[in-house]
Structure formats: C-alpha cells, structure tokens
Amino acid sequence: KQEVTQIPAALSVPEGENLVLNCSFTDSAIYNLQWFRQDPGKGLTSLLLIQSSQREQTSGRLNASLDKSSGRSTLYIAASQPGDSATYLCAVRFIAGSARQLTFGSGTQLTVLP
Amino acid sequence: NAGVTQTPKFQVLKTGQSMTLQCAQDMNHEYMSWYRQDPGMGLRLIHYSVGAGITDQGEVPNGYNVSRSTTEDFPLRLLSAAPSQTSVYFCASRGNGGRASGELFFGEGSRLTVL
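Quick mapping for you: the protein sequence lines, in order, are chains A and B.
Counting in my numbering, the final residue of the first sequence is number 114, and the numbers go up one at a time with none missing.
Counting in my numbering, the final residue of the second sequence is number 115, and the numbers go up one at a time with none missing.
Quick caveat, the hints were computed from the structure, so don't treat them as lab data.
Even glycine gets a Cβ: it sits at the ideal position worked out from N, Cα and C.
Do not rely on the hints blindly, as some may be mistaken.
[To be verified] Simulated pairs of lysine-lysine, BS3-like, Cα-Cα distance not exceeding 30 Å:
(1) K42/A with K9/B
(2) K42/A with K14/B
(3) K68/A with K1/A
[Claimed, not checked] Selected chain B positions facing chain A (Cβ under 8 Å, derived; list incomplete):
(4) D26
(5) E30
(6) S33
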C-alpha cells in the first residue's frame, strides 16, 4: 500500500529558528508532491507543488526539496515566525492506483514560540 | 477571488436524515473531489470527478453520492446520515484539464455532526 509519513507529529521552536519538516513516501513512481498548510478550523492552503521532474521549489521563506529515489521530501522554513504556527501536510500523487488521487500524510503540527 | 466555495460551514443532523453539501468553483477546473478529515485518519478521498457527467469512487465512498452536471458544481449527498459520518468535509479542485500535474485547491470545509 502506498503511504506517506510525516515525522515528527509535532514540533515546537523559538522564533527566528530555521527548521525542516520531513515527508517520506513508499513508492518512488510519483507525478508530484504538494505541501499544504492548515490553520485550526480552516481549509488547506497550498504552499508548494513539486513535479516529479523537479528537485526543489521555492516561495519566499519556504523551500521544498524532492528526492524520489529515497522517497523523501523536506520543507525548509527560514527565519520562522509565530504566524508560521500551523499544521503542515505533505501529499503525494502516486502513478499507480486507479484514482491517482493525492495520498496525505498525517501532518506535522508546528508551533513557533515568540 | 472566490476559488472553491463550500456550504454550509456547519451542520448538525440526526441519524437517518439526508442532506447535501454544496461545492462550487469558479476556476473552470475539470477535476473536483471530496475528502473527509478525521482525527488520526488524515484526509481520505470520498468521490471525485474528472469532468461534467463523470464521477468515480475514492477510498471511502460508502454512504455518499455525487453527481456532476456542470463544470462548476460538485455536490455531495448523504442519503441516510450515520454517526460515523461525523467529520469535516473538504471539496477540492484541480486545473490542467484533469491531468495529474496540476495543483489542488481546497475549500474552507464543512463541519458535519450526526447525532
């Protein structure tokens, strides 16, 4: 079964720290990988989309990398701020499977302390 | 910029009642989908559609019906609500003609409680 895993489930850091969130997946045959942010009681906001042919994507203080061969992606957040506090979800679109839908990880709940 | 709009945001039902969760998008996306989010279970796909008149089942379709008569709308119907359907429901859409490479956009969610 294709799975997406995010460790740790929760992370707390002081403001200003650079941090890395991890995502691992079980099958290297993917179309793309997408990182989302979810605030409490809200929907998912797309942060970055990395196609299978790409190694990384950047948006502002965020940088996402993709290593298909090892089944890993990282989301790097530079100079963290309290406003970055949220749950970060990784989702992978695997090539195999009838629906080709996104498979989500359980998320990492990030708290940035002022 | 409306994006993906879901209604209602909150709903309480009694067991056995029926209701429809509405989803509309104004981005001319061909692909639309419904997910449910439960604590400890993550997001799971219920049904999806790759275009008007075409729907298919996802991971957890039982107890739910969908239809897609227009590109813009993709309602989710609960015919006889059960407590196990208490959840937060998200509608999502994707462009690029339904090809796998597009970015997925989510609505704000509909929180459903079944008593």
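Verification of the hints:
1. K42/A with K9/B: Holds, at about 10 Å.
2. K42/A with K14/B: Status holds; Cα separation ~24 Å.
3. K68/A with K1/A: Within the cut-off at roughly 17 Å; holds.
4. D26: violated, 16 Å
5. E30: violated, 14 Å
6. S33: With a minimum Cβ separation of about 7 Å from chain A (threshold 8 Å), the hint on S33/B holds.
When each numbered hint is compared with the structure, violations occur for hints 4 and 5.
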